[in-house]
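K.L.:
Each chain, written out:
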Amino acid sequence: MQSYVHVILAGLSSGMFIWLVASGLTLIFGVLGVLNFAHGSFYMLGAYCSFTVLKHLGAGYWTGLLLGPLAVCAAGFVVERFFLRHVYRIALPYQLLLTFAFVLIFDNLVKIVWGGGALSPPSLSFLGGSVPILGRNFPVYNLFIIAVGPAVALLLWALLEKTWYGRIIRASSSDREMAASLGVRVPALFTAVFVFGTWLGALGGGLAVPYVGLLTPGMGETIIIEAFIVAVIGGLGSLKGAFVGALVIGVLSAFGTRFFPAFDMALTFILMGGVLLWRPQGLFGATR
Amino acid sequence: MNRRDFLKLTGAGSLAAAAGGLGGGLLAPKWVWGATPAVKGPIKIGYQAILSGTLAGYGEFHKMGAVMAIEEINAKGGIAGQKVEMEFRDSTTKADEAIKNARYFVDSWGADYLAGIDSSGQALALAPVMAQLDRPLMVTHGATEKLTEEFVFKNGVRQIFRNCMPTYNDGHAAAFIAKDFPAVKWSTVSPKYEYGFTCWKMFQDSLKGLKPSVQFVAESFAPFGTTDFRSHINTIMDAKPDGLYSTEWAGELISFVRQAKEAGLFEKVKYVMFPVGAAMDVLEGLGKDMPDNIWISARYFFQYPNNKENNDWVARFNKRWNHYPAYVSETAYSSIYAYKAAVEKAGSKDTKAVVAALEGMEMNSPAGKRVFRKEDHQAMYDVPWGKTKSDPKFPFKVMGDMKVIPAKEYFNRPPFEGPGTTPPFK
Chain A
1 MQSYVHVILA GLSSGMFIWL VASGLTLIFG VLGVLNFAHG SFYMLGAYCS
51 FTVLKHLGAG YWTGLLLGPL AVCAAGFVVE RFFLRHVYRI ALPYQLLLTF
101 AFVLIFDNLV KIVWGGGALS PPSLSFLGGS VPILGRNFPV YNLFIIAVGP
151 AVALLLWALL EKTWYGRIIR ASSSDREMAA SLGVRVPALF TAVFVFGTWL
201 GALGGGLAVP YVGLLTPGMG ETIIIEAFIV AVIGGLGSLK GAFVGALVIG
251 VLSAFGTRFF PAFDMALTFI LMGGVLLWRP QGLFGATR
Chain B
1001 MNRRDFLKLT GAGSLAAAAG GLGGGLLAPK WVWGATPAVK GPIKIGYQAI
1051 LSGTLAGYGE FHKMGAVMAI EEINAKGGIA GQKVEMEFRD STTKADEAIK
1101 NARYFVDSWG ADYLAGIDSS GQALALAPVM AQLDRPLMVT HGATEKLTEE
1151 FVFKNGVRQI FRNCMPTYND GHAAAFIAKD FPAVKWSTVS PKYEYGFTCW
1201 KMFQDSLKGL KPSVQFVAES FAPFGTTDFR SHINTIMDAK PDGLYSTEWA
1251 GELISFVRQA KEAGLFEKVK YVMFPVGAAM DVLEGLGKDM PDNIWISARY
1301 FFQYPNNKEN NDWVARFNKR WNHYPAYVSE TAYSSIYAYK AAVEKAGSKD
1351 TKAVVAALEG MEMNSPAGKR VFRKEDHQAM YDVPWGKTKS DPKFPFKVMG
1401 DMKVIPAKEY FNRPPFEGPG TTPPFK
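The listed protein sequences correspond, in order, to chains A and B.
Residue numbering for the first sequence is 1 to 288, as defined by my numbering.
Residue numbering for the second sequence is 1001 to 1426, as defined by my numbering.
Just chain A, same shape as in the assembly:
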């Protein structure tokens, strides 16, 4: 019993953590139709910027979490406004290549600015430590991640479904020309959505600082693969799908590691293969 509860908790926290990164990726694909490989780099930059604010400006963790991702938004703006915007019309592989180029650039940038070694953040005073659950400790911070995930999902849903901005975003993503002819400034809107998606990725990075406990150049490359898997299983562009996909992957891999250790790496891919065979558009994907 103790074991099952802790495995589920571990799975939930890792799932919600992937969701935080996958949400921005999914939003950008859903609205702009761009498979943004550089999303992992925004995650990495978010972590490094939050860490820098936390460490060098002597600010608290929350200030770091607020200011770090905001700084990364500038990078998102530059990438969309001056580069991606010019390749929307050409084939998807070119967008992938362009965003992959940014992965390499940002990795090197991080090495130049922060050095090649791993950085290790100080431990948190608030939200640090752990609480006993059924006789075994579970970190408070992971409980916090388990709560933040659904909160972000709820806010995104409310933004897209309940606000005027949400309606415009949905309208522009389903028919660019029609939205434009109705007076929506589609390019500016796309920039805004891209920057918002960047912020979501960078926020995941900021939250990763105490979660992973380590910053390394290239940390974005590991997470981007998982985020892509989650987005594909859920259905590319579907936020609901990404949320469910992240939950399933998180819990499944936690169970795999604990009870079927020989297959823990394979389980995720078996699931992805199965979903793609059964529903090529993903669990909640629309047929395009």
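Please note that the accuracy of each hint is not assured.
Some chain A residues judged to face chain B by a derived CB distance under 10 Å, without partners named [unchecked claim]: (1) Asn108; (2) Lys111; (3) Gly128; (4) Arg136; (5) Asn137; (6) Asn142; (7) Ala151; (8) Ala153; (9) Pro210; (10) Arg258.
Below, simulated DSS-like cross-link-like pairs (lysine-lysine); rule was C-alpha separation at most 30 Å, straight line [said to hold, decoys possible]: (11) B/Lys1352 to B/Lys1369; (12) B/Lys1393 to A/Lys55; (13) B/Lys1389 to A/Lys55; (14) B/Lys1288 to A/Lys55; (15) B/Lys1387 to B/Lys1240; (16) A/Lys111 to B/Lys1211; (17) B/Lys1146 to B/Lys1240.
Since the hints were made in silico from the structure, they are not lab data.
It should be emphasised that the depicted structure is a prediction, and the values quoted were computed from it without experimental measurement.
Ideal Cβ positions, reconstructed from N, Cα and C, are used throughout, including at glycine.
Given the coordinates of chain A, assemble chain B onto it according to the supplied hints.
P.N.:
Structure of chain B alone, referenced to chain A:
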């Protein structure tokens, strides 16, 4: 002094010097050829290590050691009087990248000597290529025992040497330390690739041989790039072991220790061993978060040996880089000096001559005396194991209660198969 003696002293000397300066010009009389330098410069060293991705810090540490060695050597006149040049390339972690670099170094750049290599997979993939390229390669980090046992000893790839500790220290030596603990039930969280599997097996085999009452109750292997060890920690805590052995290393070890600490693992499991826990990136990365009384080791630790040569080197290193030397810094540094010693001993930079000179060679290094075993080209030297403790002089945990097991007691012995070739030796 007669005329002949006078000529010998002045004329021949200056003629030889002039000839040497001209690189042995065509006009030099035949008998002066012998006085031209046998080793022609510049001496080119190709070094590769990981400079990108999550392990990028390793490359920087290699570089500090190698660059420092070359600066020192060039300031004192180079190797056999020739200036040393180095090119440093990113090996990444992929085998084909290491091969590409090695080919570039030798075929395009004209390297005389190669060094570096972090991953065991790359070392194994490079072995047959080095036989073709025919240059000496000193592996300074990749630790797999298969490199020296299979490629050098059995397949006779004589170009390959290794000056860092092989997996023997991580597996066998750990067992020699663990046999004295009251712990009986052992478990592991280790990397889910060759290195993790091999070390755990070595540890189990030797410990069983030394202390037949031990049991192995849980094992969990984490894939490369794991950042979340919580499910692995659950596996260990469910099994309620007395001892934990983990060959996680670098950033993954940092994440693992943090998460295990949060889960209260170190309060439940009293005997914990990290064979690569004494790496500077881990000690500095964890700082005060590293628990006390954890048994750690590495391929070199800057506090051992506590003698003048090592202490002076650590001080020079600190002055040059404002850093304590990581183990790869020491092996990088010593790999250049090993080549210098070999070239000067052989009087040539020819691969055959250098290899012959390195075989069985003894050298002093910051890590103490190293001997390159003739049979498999593995350097024998001693590194300490010890328990983590605080020291007000350092902002990170250091090694207390050092225990040194002599290399000859736990290194596999040639011919590497059959009874009596792996410790504990009967």
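K.L.:
Taken at face value, is the distance from the CA of lysine 1240 of chain B to the CA of lysine 1146 of chain B at most 30 Å?
P.N.:
Given that 30 Å is the threshold and the Cα spacing comes to 33 Å, the pair is violated.
K.L.:
Against chain B, with CB atoms and a cut of 10 Å, does the hint on lysine 111 of chain A hold up?
P.N.:
Hint holds; lysine 111 of chain A Cβ to chain B Cβ min 6 Å, cut 10 Å.
K.L.:
Next item in the hint list is asparagine 137 of chain A. Is there a CB on chain B closer than 10 Å to its CB?
P.N.:
holds (4 Å)
K.L.:
For a C-alpha distance cap of 30 Å, please report whether lysine 1352 of chain B and lysine 1369 of chain B respect it.
P.N.:
holds (24 Å)
K.L.:
Against chain B, with CB atoms and a cut of 10 Å, does the hint on glycine 128 of chain A hold up?
P.N.:
holds (8 Å)
K.L.:
Check the hint pairing lysine 1387 of chain B with lysine 1240 of chain B against an upper bound of 30 Å on the C-alpha distance.
P.N.:
holds (22 Å)
K.L.:
Under 10 Å is the threshold here; is the Cβ of asparagine 142 of chain A close enough to any Cβ of chain B for the hint to stand?
P.N.:
holds (7 Å)
K.L.:
What's the verdict on lysine 1393 of chain B and lysine 55 of chain A, does the C-alpha distance respect the 30 Å limit or exceed it?
P.N.:
holds (22 Å)
K.L.:
So, as I understand it, the hint says alanine 151 of chain A touches chain B; can you test that by seeing if any CB pair is closer than 10 Å?
P.N.:
This hint is violated: alanine 151 of chain A lies away from chain B, its Cβ roughly 21 Å from the closest one there, beyond 10 Å.
K.L.:
For the restraint on arginine 258 of chain A, tell me whether the closest CB of chain B is nearer than 10 Å.
P.N.:
The hint holds - arginine 258 of chain A has a Cβ within 10 Å of chain B, the shortest such distance being about 5 Å.
K.L.:
Per the CB criterion, is arginine 136 of chain A less than 10 Å away from chain B?
P.N.:
With a closest approach of 6 Å, the arginine 136 of chain A hint holds.
K.L.:
Let me know if the C-beta of asparagine 108 of chain A comes in closer than 10 Å to any C-beta of chain B, holds or violated.
P.N.:
With Cβ-Cβ at 8 Å, under 10 Å, it holds.
Consistency note: the structure conflicts with the earlier hints numbered 7, 8, 16, 17.
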